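Colleague: Sequence:
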Amino acid sequence: MPAGVVKPLVGKGLAKDLLPELRAGGATAHDKPEGLAVIGDGRSKRLVGVVDNDGLDDAPGESVFLRLGRL
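Under the numbering used here, think of the first position of the sequence shown as 1, with each following residue one higher.
It is worth saying that the hints were derived from the structure and are not from the lab.
What you are looking at is a predicted structure, and each value in this text was computed from that prediction instead of being measured.
Heads up, some of the hints might be wrong.
Derived DEER-like restraints, expressed as beta-carbon distance ranges [unchecked claim]:
#1 G4 / A24: 44 to 54 angstroms
#2 S44 / A3: 34 to 44 angstroms
#3 K45 / V10: 17 to 27 angstroms
#4 G40 / P2: 29 to 39 angstroms
#5 G4 / D52: 32 to 42 angstroms
#6 A3 / P33: 29 to 39 angstroms
#7 P2 / R43: 35 to 45 angstroms
#8 R70 / P2: 31 to 41 angstroms
#9 P2 / F65: 13 to 23 angstroms
Here are the simulated DMTMM-like cross-link-like pairs (lysine to aspartate or glutamate), alpha carbons at most 20 angstroms apart as the crow flies [stated by the list, open to error]:
#10 K45 / D17
#11 K16 / E34
#12 K32 / D52
#13 K16 / D41
Ideal Cβ placement from N, Cα and C applies to all residues, glycine included.
Build the full structure now, drawing on both the sequences and the hints.
Modeller: Here is the structure:
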């Protein structure tokens, strides 16, 4: 959009609480998801995410793909 044009506001709201998924298996929750995406369409629309733990000195740096369910 050109400079000076009022940008539309996007509403926000909690779609899914990620903490139970991030703590699954008794692991310590990662500090934040690295990315989230909605895949599929219609009734098959699903939320997926990826986290890694590379921000710690002693972390193995593994990535975890999360299947977060239908929307």
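Colleague: Give a verdict on every hint.
Modeller: For each hint, the structure was consulted:
1. G4 / A24: 44 to 54 angstroms: Given range 44 to 54 angstroms: holds, Cβ gap about 47 angstroms.
2. S44 / A3: 34 to 44 angstroms: Because 40 angstroms falls inside the window, the suggested range holds.
3. K45 / V10: 17 to 27 angstroms: Taking Cβ atoms as reference, K45 and V10 lie about 18 angstroms apart, which means the hint holds.
4. G40 / P2: 29 to 39 angstroms: Given a distance of about 35 angstroms, which is inside 29 to 39 angstroms, the answer is holds.
5. G4 / D52: 32 to 42 angstroms: Because 39 angstroms falls inside the window, the suggested range holds.
6. A3 / P33: 29 to 39 angstroms: holds, 32 angstroms
7. P2 / R43: 35 to 45 angstroms: holds, 39 angstroms
8. R70 / P2: 31 to 41 angstroms: holds, 39 angstroms
9. P2 / F65: 13 to 23 angstroms: violated, 39 angstroms
10. K45 / D17: holds, 17 angstroms
11. K16 / E34: holds, 16 angstroms
12. K32 / D52: holds, 9 angstroms
13. K16 / D41: holds, 18 angstroms
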